Each structure stands twice: as structure tokens, then as C-alpha cells.
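Participant: We have chain P already, so just place chain V on it with the hints.
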Amino acid sequence: MAHVILHIGAHKTATSFVQRQMFFNRAALRRHGVYYPDLGPNPAHHILATPWISLPEIGSEYYGPSGPDGLWETLAQTYAHKPGTLFLSAEVFSRARPQAVDFGDLRARLAGFDSVKVLYVLRRQPELLQSIWLQVLKSGTPPPFDRFLSHALQTHLASGLWLDHTRVYEAVGQGVPAGDILLWDYDQIRHHPGGILQAVLDLLQVSMSAREFPPLPDTQANHSPDPLASYAAYAISSPDHPGEALMRRAHQALIHLPQGRPTLYTRAEYQAVQETFAPLNAALVQRHGPYQPSNQYHLDLTPPEDLLWRDQIGNMFWLDLLNQMQKAG
Amino acid sequence: MARIILHIGTHKTATTHIQDSLHANRKRLKQHGVIFPHIGQTRGQHGLASAWIKLPMPYSLTDAERSWKRLARVYGPGEHTVVVSSEELSRLRPHRVNMAQLRDWLQGFDEIRILCCLRNQASFLQSVYQQVSDERQPGHWVPYLQAALRSRMVDGLALNYARLVSHIETGFAPDEITLLSYDHAIRTPGGILGAVLAAINCPLTAADLSASPHGTSNISPPPLASFAANGIALPARAEAGLVHLAARHLPRPNRTTLFSRPELAQIRALFDPLNRALENSRASVQPGFRIGPMLGSEAPEHELMFRGELTETYWIDLARALRSAQR
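Read top to bottom, the protein sequences are chains P and V.
Oh and the first sequence: position 1 is 1 in the numbering used here, straight run, nothing missing.
Oh and the second sequence: position 23 is 23 in the numbering used here, straight run, nothing missing.
By construction, these hints were calculated from the structure, which means they are not laboratory data.
Here the structure is a predicted model, which means the values were calculated and not measured.
For glycine and all other residues, C-beta sits at the position ideal for the given N, C-alpha and C.
Keep in mind that a hint or two might mislead.
[Said to hold, decoys possible] Stretch by stretch, here's where chain V covers chain P in the computed footprint (C-beta under 8 Å, at least three residues):
| no. | segment |
| --- | --- |
| 1 | 233-244 |
| 2 | 304-315 |
| 3 | 322-328 |
[Stated by the list, open to error] Derived CB-CB ranges, DEER-like:
| no. | chain 1 | residue 1 | chain 2 | residue 2 | range |
| --- | --- | --- | --- | --- | --- |
| 4 | V | Asp-155 | P | Gly-329 | 27 to 33 Å |
| 5 | P | Lys-138 | V | Pro-58 | 58 to 64 Å |
| 6 | P | Ala-268 | V | Ala-277 | 42 to 48 Å |
If we strip away everything but chain V, and leave its shape as in the complex, we get:
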């Protein structure tokens, strides 16, 4: 019996780490019946998304449709579990996957499953802002946040996960979809990788896999360092040196958040009910599924350093360092 599992992210749920790990352990996984195919020039199979979503090189494939159909043709008749992983498959804007078409192209498999990791919206939103900061100048945080809350989208990605699930359901039956809580998974012994391995019914655990030679992926700077560096660098992108400078003067760099306390309360008020509604709607096919706790709601809030807690001393020290660096 041939299965295919499409791990569609979402973004900022350790997808690069998962893809790097599965790619580095392809031979080992194959011994246990799991195929993680090498498609295109990346370790994740991002090129497959280019059938619908315009991607830059090296992510794009010249004929993604052909690659999808080849997967079905090569592995459909076999007994393997094929895992395909690209968070771009969960993008909603400016373009999105035609889920019905995708489901159709995969007819050759006996079982088709979508695996979708969801992260609490506050952490997700913050993390996207930081990712974007790596690539371009995202502008000040506050308007960025408010635009995201108005549209319930950030950088083309869904913040209202029910909307994403509805989109997936345009091609896949509800019981073909597995939602995974990123926040709960990272608190388990095997972490997110272990949770993904378990979700694809792989007999291996995270501890059985060798580390990726590409190291730990996408380590973000402290969020408040990104906040400060972006504001200082406007309209240019914040260079790594400036972000580092901004991080160095933070009193508690390990536990900062872009949010103010009222903003976090606003996020909770907006998304907690939507998340509970999604969980209820999934009860018949995935009973017990819960989206993880919102940022700051599990650990005591005093452990978090909010944006409003940046002090005069911080700014003065940073300004002096900036002035000194300029000399």
C-alpha cells in the first residue's frame, strides 16, 4: 500500500530543520519504508509548489506538474510512504495551491494525507516578522501587526487557521488532514521532528536520526533586537551587525517579545475563540486536537520582556554604541 504525506508547514514551525533532518537521513528512512525524495535543488521539496506559486530560484521547478505526476507514477504502485515537505504549499497569497488539482494528481496513491503544523498565532506572527526582516525591511512592527490583525493574514500566510483548513478541504477530505500543534510538539521529548515522524507512522524516533550537516536552521535574533534594528535602519534593511548591536544591549535577550501587553491581549481575544472553533470542528476526525497555548499564556508573563519594557537606558546605550560604531 502506497501512501503520500504532504507536510505543508506551516511556516515558522521548524520546517527547515525537519526538511534538513529528513534529507540527511534519506537512506535510513528508506530502509524503514519512508521515501523523502530529492526534487529540485533544495532539501525540502519546495519546487513542487511552483506548479501554482511563483518561486524564485533555486526553489522553482521548470515543470512541477510533471514532478508531482512522476511521484504518483513511480511510488504509487509500491509499498512506501512518500513524504513531501514544503511550507509553501500552505501559502494563501498572492497565489495558492489548487488543492483539488493536487489531490487529482496524486490519485495513484492508496492513501493521501496532509500534515499541517500550527503554531500559536502570536509566536507565528512574531516569527514571520523576524523572518521577513532577514530578507527585507518590513517597516515598523505596530502597523505590520495591525495590518495582520485586520486581514488575519501575514505575508500571504493564514493567521486564521480555519481558513487554511477550509482551503485544504477544497481538495482533501477532513479525515485526510492531520493537524499538529507545534507548541505542544516542541515540549515533547522528540520535539517537533519526533512528532512529525510519529505522525507519518515512521518507526524511527528523532533520536535515531543523525544531525543535519547544515546545522541548526533559522536561529532568529531576539525579537526586540529585530524591532529596534528595523526601526533604526528604515527605509533600508537592518544589517546583521545592527541587529547584533541591538541584541547586545538587551537586558534579557533570551525571552523578549515584539508585543506590548495590550497587543498580546488583543491577539488572544481575537484568535482564542477562532482556535477553539477550529478544534471543535475537527473533533469528529481528530478528537483531542488542541492548538498550543498563546505566547505568554503558559509561562508567567513576567518572564517575558514586552516591547513597552524597553527602557531609556537600553536606548541610550544602543545610541551610544551606534555613535561609537559610526566613528
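Bound-form chain P, shown alone:
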């Protein structure tokens, strides 16, 4: 029997980590009947989204003579009659804008397989939104956070990604029956013994422990910068990027913060996110409940008690940061 599991993200749910682990251990996985193909140009399978989504950063050399469609055909020819599970992973499949995947078309391309399941990892919206803003800041200049937040609350979108997970669920549902959609709560699985990697291995019925996977080089890891340091540095530099020096100074000033896990949000902003998305999450639970126990994907948006709100930063942080700026002249 040939199966497919398509892991579609969401973004900011340790997808790069999973993809790199699967990629660098693909030989071992193959021995367990799991296929993680090397399609280039990186450990993920974003290239497979190109029939629907334009990804100009992927060079033409990675496509065969038949282009993006040919990739799918090759996959089907190679794996559809091979016992085991083909695991494909690219968070771009869950993208909403400017283009989105046609899951009806996608499913049709996988018709030769005995089963196709879609795995979608849901991240709690306050964390997801924050993480997306920080990711955009790493490589560019996002709108100021308050504008980004306000837009997200109105449209339920952030940087072209759905914050309303039901919208992704519905898009997938255009081609994949609800019973073949698997929803995971990112917060639950990352605290699972062995973390998200172990959860994926278990799903693939691979009798390996995530601990057996050798540690990966750190160079490509996608580390998130500190939210408050990033916020402060960009608030000072915008519309320009803060640059390394200002980011470093903001990080140094963090020693003045009270105890707690820094967040971009004020308490009121967090509450607004909570009030917007909690009902939408509840609706998804009701909708998907008949197909999967809801405790696996019921997102609790109650703020963790150890959060350090942005409006708790205090004068000493700012004084230190400005003092460093003054000294640097």
C-alpha cells in the first residue's frame, strides 16, 4: 500500500526543523518505509507548490523538462506503487495570499496512491501572529506592529497567511475529505516527549526515537529573535531596518526587564487577539469534531501567566538602550 502524508505547516510551527531532520535522515527513514524525497533547492518541498504559487526564488534547474507539473508526475510514478509512506512537507501549501494551492487539483495528482492525508499543525494565534511579524522583520521591514495587528484582526490574515485556521481547513477540504485531515495543536506536540519530530515519527509509524537522530548543524536553524528587543529596535529605526548594531543594543538592554517571557503584545492587544480568534477556533472544533478528538487541536488562547507584556517594559530598559545609542554616537 502506498500512502502520502502532506505536511502543510502552518508557518512558524517548527517546519524547518522537521524538514531538515527528515531530509538529513532520509536514508534511515527509507529503511522504515518512509520516503522523504530530495527535490531541491532546500530540505523542504516548496517546489511542489509551484503549479499554483509563483516561487521565483527556486531556480529553473530544479525542475525537469516538464516543469512543475512534471515533478508531481514523477512523484506519482516513483512512489504510488511502492509500499510505504511518502512524506511531503512545505508550509507554503497553507499560504493564502497572493496565491493559494488548489487542493482539488493537488489531490487529483495524487490519485494513484492508496491514501492521502494532510497534516496541519495549528499554532495559537497570538504566538503565530507575533512569530510571523518577527520573521518578516528578520528579512525586511514589516508594518509597525500595531498596524500589522490591526490588519490581522480585521482580515484574519498576516503577511499572506491565514490566522483563522478554519480558512486553511476549508481550502484543504476542497480536495481532501475531512476524515483525511489531521489537525495538531503545536503547543501540545512540542511539549510531547520527543517533541514534534517524535510526533511525526509516530504518525509515520517509524519505530525510531527522535533522540536517535544526530544533532543538525545550527547554521540553517531558524532562531526567533527576542520580541521586545526587536520591537524596540524597529520602533526606533522604522521605516528602515534596525540593523545589527541597534538590535544588539536592544538585546543588551533586556537585562533591565522584569522576570517573564517577553511578548510583543500589551495585555489589551493580546486580549483583542484572544477575543477575535477564540470563537473561530471553537467553530473549527465543532466542525472537525466528528473526525478527530477535539482535545488534539482545541487551542486555548488564555495568556500564559509568565508573559511579560510590552507595557511592562519600564523606563530602565529604554534608558539603557538610549544610553547605548548615545555612547555609540
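Facilitator: Relative to the frame of chain P, chain V by itself:
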């Protein structure tokens, strides 16, 4: 009958304004029997304090003792009221006036009186911090404040006014001392100058005096601008341009305070009982004397902008302005 009145401050009670005004109106005052002598190079008679307290030039006199004795010799036999004004006479550290010696040097006068203006400790402390900021880097406000509360002294000046009065009483009888509330005086029509003129029994009012050609003295920037500028400039002194920048972005620059609400409550809890005790101890010689209300206790607190109310927007705007100025 010759009288001498020693106006000993304290600091930050408009002493420069008083000294400038009396100096500018010396001739007019003399016509009414009040002598405001020109001693040394300053308009106040700060040099006289250098008999005990080391002062930098131009404040110091080469022989202050001689100048004190000359005052007694020249004016003691006359019918004038001599007024001497220097807030340095109220300093307690690192050196202080030998009050007994001073009283002794002034024996030639028929009446000797100490006039001491006292300001509520919260405003006083805040104002001293700002004055110090003009001259050097005082460091962050919070440790400065806590050190002052522990020692009940700030920059060598008494915060516990009973301690200052006790020191004065080492040379002067309680009934030779007149305490004046700065906070109450500035709310009277003649202001602090009028209150001082009244205290020395001068028939002139503040309105009778011409303005000092030296203008308004010692206008301080908003306290929170000093707070921000000092913190940014550390370890250097905050330059005027930086203080101005820090002031420009304050949403309510006219009514800010260095204190947080809990700090102000701490000041009240510490000094209100001490002030009431001092007032009681003075009841026999100066009945009805009251030290003025503590900062923030008269006007509604919401009119004050506390340190804790500096917003993220303030800091970001200031940081952007700083960055822009650096470019």
C-alpha cells in the same frame, strides 16, 4: 537699634531670585533702613560662608571672618537692618557653619535673627537633583533618592529640617530663628520675595522693587526631562541640548515629577511626621508655623505626570530624535 538678619536659604527656595532682587534694589532698601551689603563678587553674600565652608571662586572670600566682624563693627552701632543672604549658611556637609562662633562674631548687633525658608521635602529633593544635574552627572534618580531617604540628607543639605534647626540652635536661641514656608509663601500675592521682605520688617513690598537685570534665575527644565537626559548621558553630564530634546517629547512638560507614586507616598510617610514634630516644637516661639504641603498633596495627583507614566511612545519618539540628531 541695629539688627542683622541672616537669610540662610535653604537651597532651592528662590534664593538667587531674592538675592538678585535685593542687590538690584540696594539703594531703595537703604532709604528704608535696610542694608544689603555687597561683599565679594556675588550678589548674595556667599563668601561669608567660606569662613567654615570651602567654596570655589568666585564665591569664596580670602578672610571671611574679617568680613563678618567688619559688618558688626560698621553697622552694629547704627540704626539699620542688615540683611545677609546665602543658602550655603544652611549646608550641613561636608562642612557647616559654626553657629556659636557666628553668633559670637555678631555680638555688636542689638538683634540677630536667622531667617530660614523651608520647602516641602519632595519638591526640595527633586529640585536639588535638577540643580546638581546642571553641574555634574548625578547618576540615576532612584539610587539618588533612596540614598537621600536613608541619610535624610541630599548633597550635604538637610531633609530633616528639625536637624537643621537643632544645628542653628547650637548658636542661636529658638526665638532668634524664624522659619518661613516656601510653599505657602509662593502662593501669596508678593510671592517668596514679599514674604522675605515682610519677615525682615521692610516697609517695601515685592511690587515696590524693580526687577533684577539678571532676569529670572535658575529656571529648571521639566524634572522628567532631567531624569531621561541624565540616564541617557551616563556617565557624562547631560548637555543642555539633550535635556531640551528630552523635554520636547514630554506630553505634559509643565507638570512632571521625578517621583513614582509609591516614592511620593514613601516621602510623605517619612517626612510628614517629622515636619509635624518640628512645627510642634516651634509652637512656643512661632505659633501657627506650618511647613507647606508635600508635592502632589494639594493639587489633585492626576495633574502630575509621574515617572511611571512615561510611555513607550515617549521613549520611542525620543530615541528616534536622538538617532536623527546623531546623523
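Participant: Now tell me, hint by hint, if it's right for this structure.
Facilitator: Hint check results:
| no. | hint | verdict |
| --- | --- | --- |
| 1 | 233-244 | holds (count 3) |
| 2 | 304-315 | holds (count 4) |
| 3 | 322-328 | holds (count 4) |
| 4 | V:Asp-155 to P:Gly-329: 27 to 33 Å | holds (30 Å) |
| 5 | P:Lys-138 to V:Pro-58: 58 to 64 Å | holds (60 Å) |
| 6 | P:Ala-268 to V:Ala-277: 42 to 48 Å | holds (46 Å) |
Violated hints: none; the structure is consistent with every hint.
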